[in-house]
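Undergrad: Protein chains in written order, with the numbering used here: chain A, 1 to 114; chain B, 1 to 113.
Some hints here could point you the wrong way.
[Said to hold, decoys possible] Pulled a few chain A residues facing chain B out of the computed Cβ check, cut under 7 Å:
| no. | residue |
| --- | --- |
| 1 | Y25 |
| 2 | G28 |
| 3 | Y32 |
| 4 | Q42 |
| 5 | L46 |
| 6 | Y50 |
| 7 | L102 |
| 8 | G105 |
| 9 | G107 |
| 10 | I111 |
| 11 | I112 |
| 12 | P114 |
[Claimed, not checked] Some chain A residues flagged as far from chain B (calculated, every beta-carbon gap over 10 Å):
| no. | residue |
| --- | --- |
| 13 | G16 |
| 14 | A17 |
| 15 | E20 |
| 16 | G41 |
| 17 | G43 |
| 18 | Q45 |
| 19 | R69 |
| 20 | S72 |
| 21 | W83 |
| 22 | M96 |
| 23 | Q101 |
By construction, these hints were calculated from the structure, which means they are not laboratory data. Even glycine gets a Cβ: it sits at the ideal position worked out from N, Cα and C.
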Amino acid sequence: AQSVTQPDIHITVSEGASLELRCNYSYGATPYLFWYVQSPGQGLQLLLKYFSGDTLVQGIKGFEAEFKRSQSSFNLRKPSVHWSDAAEYFCAVVLMDSNYQLIWGAGTKLIIKP
Amino acid sequence: DAEITQSPRHKITETGRQVTLACHQTWNHNNMFWYRQDLGHGLRLIHYSYGVQDTNKGEVSDGYSVSRSNTEDLPLTLESAASSQTSVYFCASSVGGLTDTQYFGPGTRLTVL
């Protein structure tokens with residue numbers, strides 16, 4: 001079955017350090033790929049998305065993500081995190097097959113150390 | 001500003017009771033979605049609607065129902081609440097289908113005792 005894996009349940013990063021959150025999917029063709037962020041007590045907000053074209057995608061709040069077809073990955077990065085980035089991050093994938101479904105990863109909680 | 005609201009934000013109910021969670025959006029989006037969020041599972045789609053009078057079952061639709069009588073609202077009903085339905089529920093809307101950006105409400109935390 002198709003799936004989306006975010007291998008890290010929690011990640012702790014010092015303020016000012018770089019960040020990489022991992023997302024892998026199992027699907028034969030290139031899906032539509034998304035990263036959303038959920039701040040504490042709030043709904044989700046889109047950070048960025050990838051459909052085609054340049055495999056390095058820029059998003060809001062200084063985030064970027066890179067699609068790597070050979071690794072079936074869509075990892076989210078930020079060069080320098082701020083305390084306000086503490087949140088939960090979700091990767092999501094739309095499979096463009098007969099089921100046409102949206103599958104969400106389980107999320108990665110980002111903790112920022114002062 | 002356009003927004004999507006959910007009510008109530010918190011609800012405690014008893015097993016067997018019928019519960020309705022409200023979702024109202026002023027984006028004028030055709031597409032609306034209901035998800036539940038449980039620890040370790042991310043978001044799971046319950047029901048969705050692509051327009052007035054249209055409703056579709058998602059991945060975890062058993063025990064839930066929706067109806068779409070206008071563009072703005074998609075209420076979610078738990079016919080007979082069960083403890084397994086204790087969760088946080090999110091409503092979302094979008095212009096396009098699943099490949100389009102979804103705009104989320106703040107969520108409703110439901111506890112079934």
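Undergrad: Does each hint fit the structure? Answer for all of them.
TA: Going down the list of hints, with the structure as the test:
1. Y25: 13 Å, violated
2. G28: At about 18 Å, which exceeds the 7 Å cut-off, the nearest Cβ of chain B leaves the hint on G28 (chain A) violated.
3. Y32: The hint holds - Y32 (chain A) has a Cβ within 7 Å of chain B, the shortest such distance being about 5 Å.
4. Q42: 6 Å, holds
5. L46: At about 5 Å, which falls below the 7 Å cut-off, the nearest Cβ of chain B leaves the hint on L46 (chain A) intact, so it holds.
6. Y50: 11 Å, violated
7. L102: 5 Å, holds
8. G105: Holds: closest Cβ of chain B sits about 5 Å from G105 (chain A), inside 7 Å.
9. G107: 5 Å, holds
10. I111: 16 Å, violated
11. I112: 21 Å, violated
12. P114: 26 Å, violated
13. G16: 29 Å, holds
14. A17: Given that every Cβ of chain B is farther than 10 Å from that of A17 (chain A), nearest at about 26 Å, it holds.
15. E20: The claim holds: E20 (chain A) sits with its nearest Cβ about 19 Å from chain B, beyond 10 Å.
16. G41: G41 (chain A) not clear of chain B: closest Cβ-Cβ about 7 Å, inside 10 Å.
17. G43: About 3 Å separates G43 (chain A) from the closest Cβ of chain B, which leaves it inside 10 Å; violated.
18. Q45: 7 Å, violated
19. R69: 18 Å, holds
20. S72: Consistent with the label, S72 (chain A) stays out of reach of chain B, its closest Cβ about 18 Å off (over 10 Å).
21. W83: 22 Å, holds
22. M96: 8 Å, violated
23. Q101: 7 Å, violated
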